[in-house]
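A.B. asks: Top to bottom, those sequences are chains A and B. Going by the working numbering, the letters in the first sequence line up with residues 13 to 372, in that order. Going by the working numbering, the letters in the second sequence line up with residues 466 to 763, in that order.
Check each hint, because a few of them may be wrong.
Partial selection, computed: residues in chain B whose CB lies under 10 Å from chain A [to be verified]: (1) ILE498; (2) ILE560; (3) GLN570; (4) SER579; (5) PRO583; (6) PHE584; (7) HIS586; (8) VAL689; (9) VAL699; (10) ASP733; (11) GLY734.
Some chain B residues close to chain A (C-beta under 8 Å, calculated; not the full set) [said to hold, decoys possible]: (12) LEU550; (13) ARG555; (14) LEU556; (15) ILE563; (16) PHE568; (17) ASN571; (18) LEU572; (19) MET574; (20) PHE695; (21) LEU730; (22) ALA738; (23) ILE741.
To be clear, the hints were calculated from the coordinates, so they are not data collected in a lab. Treat the numbers as computed from the prediction; the structure is a model and nothing was measured. Ideal Cβ positions, reconstructed from N, Cα and C, are used throughout, including at glycine.
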Amino acid sequence: MGKVVLQSAYNRSKVALQKTSRGAKIRIGLLILALILPFLPFSTDYILHIAILVLLYMILALGLNIVPGFNGLLDLGYVGFYGIGAYTSGLLTYHFGLSFWVIIPLAFINGAIWGILLGAPTLRLTGDYFAIVTFGFSELVVLFLTNEIWLTRGPLGLPGIDVVSIDLTLFGGPKWEFIGELPYYYLAIVMVLVTVFVMYRIQDSRLGRAWFAIRDDEVAAVSCGINLLVYKVIAFAISAAFGAVGGSFFARWVTFLSPDMFKFWESFLILCMIVLGGMGNIWGVMIGAVVLVSLSEVLREILPLLGMPVNVRFLAFGLIMVLMMRYRPAGMMPIAAVAAQMRAGRVKRKKVKPAVGIKK
Amino acid sequence: MFLQQLVNGLTIGGIYAMIAVGYTMIYGVIQLINFAHGEIYMLGAFFAITFISFLGLPFYIAFLVAMACCAVCGVLLDIVAYRPLRQSPRLAALITAIGMSIFLQNLAMIIWGSRPKPFPHGALPAYFEKTAVTFGGVNLSWFHLFIFTITIVMMVGLNLILKKTRWGKAMRAVAQNKTMAALTGINVNRVISYTFALAGALGGAAGIMVGAFYNAIYPTMGYVAGVKAFAAAVLGGIGSVPGAMLGGVVLGVAEALGAGYLSSLYRDGISYAVMIIVIILIPAGLFGKVLKETKKSM
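Chain A on its own, in the form it takes in the complex (with noise of 0.2 Å):
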């Protein structure tokens, strides 16, 4: 007796090594090939480009997912924080020559105050006033960044913003400049792997767990003790905080900065990634943004020669998000929580059998 029993725990945990090692495998296999990726005979500095927007998507995607993922509130002004983090970022390199070592927590302390300033109130809302607010917000920032010229330059932009660098100056050491795409493409992928453990780290908290308990009932989980409002502006701040500090790194990639590039159209598309890749998962939402700026890519260098305006790519995501919600409305790689939640309403009204004499 005790023999089988052991030996079935023992099958399980071998299944279990077999399936977490197999994972891993393709994990380990993906991460070799983002690092030996510039080495490939094909990779130009164009692709290094695009792989570089990809990354920077990844983060800014996984940062977003936390609100409509993880807690089931549709968040339209994500682009508002991610403006933050690129101004910050770039007014203080323009003024006082700070590092982007430092700039980083400042720019990620930034966003997540931004985020409590405007979570706060507006987290008691219902969700559809949660997110024309939270649309309000990211317009507002766009229109302060545009008129207050002063600070921003306006829409002339903010040119000339220093390249990060390494400095080891300090302790006798050389300074190395981050010059091409090549150290930036590295950098990224730090922070991508940094962003994603952070995030899975996240799930599995206390804090993950309230926070998937808030998104599958809310009743449910004020009834368990779980404040609603302060987990929600956690969860609010939290994600303001990564698109803040997507928007640091853009600031000091591209090394310029204009009001135009942080309007709605950012936030749409960030939106699109989750939506494609399915709310809520981690690897799914980084799928997306693989697929989606691609995508956008190809069809940035498609359009012009159709002769249409590039942004007429945004008819494909506008069409890609109608089509998830109607067919596969928990997206393509669908964790069980959200694809139940999705269709809560069909599956509901098969199962409740309607009981005489007691009302629902």
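Since chain A is already given, all that's left is putting chain B on it; use the hints.
C.D. replies: What follows is chain B alone, placed relative to chain A:
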């Protein structure tokens, strides 16, 4: 100066009110922020300009035909995009609404191009430009009067429809409680279609008037106007038709005066700021019912 701004504000405010009414009616019946409503407004203007320049219709006829087309567009939008999601969580419907808005906007960009289009020369009746009334140093053109008249007629007409007709009664019933309405024999889906038709026609009319007022029609015009009208609907209390009307006018005046006296750079920001402040401080708006907070948002 003040009076001139006031007149401009009232004119634009009336138009916002017409769009806001559409938002609020649709929210009333299916509890969805129809983000694509601003696109219906934009389509209205493009339909009108197309009918005028390709079919050579006179302005007034084109106005009516374009309104009808917008009504059809509204109904189609509901049937194609929203109806399959009636039983889905609100998040899914909301994302679909945004997707449709972006889709329609870019469709318009493909069909009509992204440059602002004016009405063809001589398409607008010539007397629009002429001054009708002058008081206190303010010139009111016939066009201002035209917009005022149309706005008032449509608002009164809408109120009559909602209050006096069977369909209006059915709409109000559906807005109160879909299940009970269905139990009393109301065809809920058809009533929702009628609501979309009505909202679409009003939105289309607003689009044509704004397009003619500024004489510029472009695919992204619905985006800003849509958000402002939504702000007006929120200000008035979403779900309340008189609230949306009042909200539109108040917002239009606030915007004109704010642009005139505070900063014209933040003209668009005024409505966003009003919207955020209203949502935070009085989420029920001026006339709205208190929202059921327990209703799940997802």
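A.B. asks: Work down the list of hints and note, for each, if the structure agrees.
C.D. replies: Here is what the structure says about each hint:
no.: 1; hint: ILE498; result: holds (5 Å)
no.: 2; hint: ILE560; result: holds (5 Å)
no.: 3; hint: GLN570; result: holds (8 Å)
no.: 4; hint: SER579; result: holds (5 Å)
no.: 5; hint: PRO583; result: violated (19 Å)
no.: 6; hint: PHE584; result: violated (22 Å)
no.: 7; hint: HIS586; result: violated (26 Å)
no.: 8; hint: VAL689; result: holds (9 Å)
no.: 9; hint: VAL699; result: holds (7 Å)
no.: 10; hint: ASP733; result: holds (6 Å)
no.: 11; hint: GLY734; result: holds (5 Å)
no.: 12; hint: LEU550; result: holds (7 Å)
no.: 13; hint: ARG555; result: holds (6 Å)
no.: 14; hint: LEU556; result: holds (6 Å)
no.: 15; hint: ILE563; result: holds (7 Å)
no.: 16; hint: PHE568; result: holds (3 Å)
no.: 17; hint: ASN571; result: holds (4 Å)
no.: 18; hint: LEU572; result: holds (6 Å)
no.: 19; hint: MET574; result: holds (6 Å)
no.: 20; hint: PHE695; result: holds (7 Å)
no.: 21; hint: LEU730; result: holds (4 Å)
no.: 22; hint: ALA738; result: holds (7 Å)
no.: 23; hint: ILE741; result: holds (5 Å)
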